[in-house]
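All chains should be modelled from the sequences, with the hints used to inform the complete structure.
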Amino acid sequence: MAPSGPTTAAQPTATRRRGGLAPLALLPFAVLVLFFLVLPALSLLWGSFHEGGSGAVTLANYDYLSGANKSLHPFVNSFVISFLSMVSGGVLGLIIAQALVSSKNRVLEQLTVTFSSVAANFAGVPLAFAYVAMIGVNGLLTRFLIGLGVDLYGAGFSLYTLAGLTVVYTYFQVPLMVLLILPALQAMKREWREASDNLGASRWRYVRSVAIPVLTPSLIASLLLLFANSYGAYATAYALTTGFISLVPIAISNVIAGDVTFNPGQGDALAMGLAVVMTICVAGQAILQRRASRWLNR
Amino acid sequence: MARLELHGITKRFGDQVAVQDFDLTVGDGELVSFLGPSGCGKTTTLRITAGFEFPDSGSIVVNGRDITALPANQRGMGMVFQGYALFPNMSAADNIEYGLKVRKQPTQKRRQRVAEMLELFGLSHVAKSYPSQLSGGQQQRTAFARAVAVEPSVLLLDEPLSAVDAKVREELRTEIRRMQLRLGITAILVTHDQAEALSISDRVVVMSQGRIEEVGTPSQIYAEPRSEFTASFIGAMNEFRVRIASRSGGLVERDGVQFEATGAADLPDGSDGLLLVRPESLEPVEAGAAPVGPVIRGRVEVQTFLGSQTRLLVREGSDLDTSVHGSRLVAVDVPSAAAGRWPPGAEIAIAIPIRAARVIAVRASDLRSTAAVVTGPQGR
Amino acid sequence: MTAPTPGVAIEAGHEATQAIGAQNGRQAPRSRPGRSLLPALIIVGAFLYYVLPLIATASFALSDGRHFTLAPLTDALGDPAFHDSITLSAGIAVLTTIVSILIVAPTSYLIVLRFRRIRTLMDFVTILPFVIPPIILTLGLRQVYGADSPLGVDLVDSPLLLVAGYFVLSLPFTYRAVDNAMRAIDVVLLTEASESLGAGGLRTFRSVILPGTLLGIISAALLCFTTVMGEFTLASLLGYATFPVFLNNVYASAPREATSLVIVSFMITWAGVLALAVVGRRAGGGTTALRRAA
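Chains as they are written, first to last, in our numbering: chain V, 1 to 298; chain W, 1 to 380; chain Y, 1 to 294.
No lab work stands behind these hints: they were computed from the structure. Warning: the hint list may mix true and false statements.
A partial selection of chain Y residues facing chain V, derived with a Cβ cut-off under 7 Å [to be verified]:
(1) 37
(2) 39
(3) 133
(4) 136
(5) 139
(6) 144
(7) 247
(8) 273
The list that follows gives simulated cross-link-like pairs (lysine-lysine, PhoX-like), each with its CA atoms no further than 25 Å apart [stated by the list, open to error]:
(9) W:101 x W:128
(10) W:128 x V:189
(11) W:109 x W:128
(12) V:189 x V:104
(13) W:101 x V:189
(14) W:128 x W:104
Virtual Cβ for every residue (Gly too), placed ideally from N, Cα, C.
Pasting the structure below:
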């Protein structure tokens, strides 16, 4: 019969692939990542375990973990603002995304997705100033509400507090939630509801037994990203409060600017703490997302 | 268990008619297939039956009770969806149990029924597996088990096998039939796969453009199609344009030769008809034999091996002929063992056996499409 | 021969019906007009929510208290410091984009083609900047390349440090966009096809891979560019007066002018997102959600 060819035919390509100059082409990437990402990170890690002056190994930089020096404050504040804006942004974003899915209108959906992309990226300094113009002491909305008999600032609200900052953060959290959760909502199959109907179940039963369990991993994954998104945010808070609210990124920037509240080693330890929070969120998100995609992929 | 009647069902989406005047009665324990191309209204009819769509007019009656206005979750029908629609967050067993829980059956009874279903469908070893961990065939069985666990009045199957690969499909369709007979359940099967419809149904409803083309047993639909649509949709079919020569004598005429054909007695003298012959009904004429009916002469263009049979595509007429009034392709099946006698290029004579030939009327709407059928343009 | 063989005939006829059956699409979903009212209201509310800060911005910036005026905007746009800042931002953004694409595209190609084993490592490395936000990276970069650099390399005064930092910060976006494009076309198969026709590695990359992944690469470039244009943290703490930094600095002395520039910033974001949406639609994918570190 005919000689068996396929296995031998594939060989030459495979062998030619090895060696050569190809690995050299990866060098620029490797060098940039090594010198401008890995090395700085390692430097922070090293610095966080060493005493500034003597260079002796120490855990003292992490004393903020014990709450000493009131230095845990930034983490508590960051947690509060991140948690609140995660909840507000998550709830509003989920409602909007579900409305988009229910409307079954492709044009409206595209339009809203585009607007959400813009809004999610409209953060930082410009957003801070836009919100001052809106609900600052003399903001458009503030004055409008006073006209309606609602005095925001008289009631104790201020844009330059944790509460105010939460309101501003919510602005970029809402659209981010829309963008993150929309694909999951769209992947919910109509047939699941029909199958549930067909088996005699009520709408509520379907929501409780199918919709919520199926969406939970995507939901938590999205919320984790929202949390991380505001936990690491710096520009908005800085532009709004010029560093007077003690959040982790602000505290780190104060170290850079030479503030004496924290010594350099403590600055490094703050950075490591922030990195740990971010890692938990990002890793948790990745794990949950993988689980979600197993259910939601067709 | 149940007798299902659909009376004058009509459904429009916008200005498009999806289903029109659909009338059908499905007897107790009968399996009826809706067969037709995409967009012919078969799925819509099924969804109306299930209660996912509501008809613009017409009524649905189960065991004498009009359920047209009843919402889907009160109809007590079982459905197997095209993509199965298994709940991804529940194991196979939980999926099967869902309908029983909804019916608030006592735990003991539920467990027993689930175990019984798992056993019946050979799923016991994957009871705790999630849909994403099941093979296509196992998912299909789980969906089937879920639908029948609640002892539905009617079982609705929406392209239940379109998502499994060809090998498993054949095995599963036999299983669907076996289970349906065993449970004695009334069932409707929607499919675009003629093999599926013909092989396991009691009756087949051929649909086209929202209407019923034809209803009949699989052998009726296959052997004696009453419309050109059915003829061309199901199986390979040779179609020859003929003229009704004598209604009383049951004679048709083709290329000047008159011969008997079934169905000629139903058509007026002198009208055009289509003579339908399956490739396997045509026979090569042995040298020296004198066939009774008309003979097609031509040259073999290509052979296609089909297993025990080999199909020959024969171009009718001599080489000179083609320039005069075009040529026609005729498909004829011969035993593969004998196919060597007609290699490509060989001359061949084919007899149309009188009994196997059936003539139907040419509808005005069919005239244009005739050019596109297997046999090619009909000169003259 | 005379015995009918339905099985065979059915199988043969099957092909014809399969073409029709292949896209056995769903019919139009049922529509009940009354139920779409609530979603519509919610979506209108969402648009209002998105737009309100901009209306407030415009009404504050483009009025002198009583009347509409473009003066603050024209003043701001005429400010030489604004020109310097926007030029600096654009320059660094263009440079970073070029560097990113030149490095990321071939790297991604080679990873898919020959170094599949380190793909997981690449996925990990390129997601790191999410874990290490700009504020941390700034601190680290200042330690390694600051005045008392352990490496003896003081780069703080060189914009190249900024470019390198932005390369790293935009890596999750750029690499993912290019890598997705590489995955969308069968890079290995195309390369083998090209090589079997006698083309060399460079020619294959230039004539086959590059055109096939062009939309993904353009997406990556746009993502990189918009990220850099809006970045505040790194530039501010390394002491560069890029556009966002200028915006922040000028606010204290001239809030109206600064606020009017918010509109400019907003338009840059819009342009970036729209360009991405256009490219994304042509590439067949959805709109890419870019995230700028806030």
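Evaluation of the provided hints:
1. 37: With a minimum Cβ separation of about 10 Å from chain V (threshold 7 Å), the hint on residue 37 of chain Y is violated.
2. 39: Hint holds; residue 39 of chain Y Cβ to chain V Cβ min 4 Å, cut 7 Å.
3. 133: Given a least distance of 3 Å, the restraint on residue 133 of chain Y holds.
4. 136: 5 Å, holds
5. 139: This hint holds: residue 139 of chain Y lies near chain V, its Cβ roughly 5 Å from the closest one there, short of 7 Å.
6. 144: OK, holds: residue 144 of chain Y within 7 Å of chain V, min 5 Å.
7. 247: OK, holds: residue 247 of chain Y within 7 Å of chain V, min 5 Å.
8. 273: Where the cut-off is 7 Å and the nearest Cβ of chain V is about 4 Å from residue 273 of chain Y, the hint holds.
9. W:101 x W:128: 17 Å, holds
10. W:128 x V:189: 22 Å, holds
11. W:109 x W:128: Measuring from Cα to Cα gives roughly 19 Å; hence the hint holds.
12. V:189 x V:104: With a Cα-Cα distance of about 14 Å, the restraint between residue 189 of chain V and residue 104 of chain V holds, given a limit of 25 Å.
13. W:101 x V:189: It holds: about 22 Å lies between the C-alpha atoms, which stays within 25 Å.
14. W:128 x W:104: 22 Å, holds
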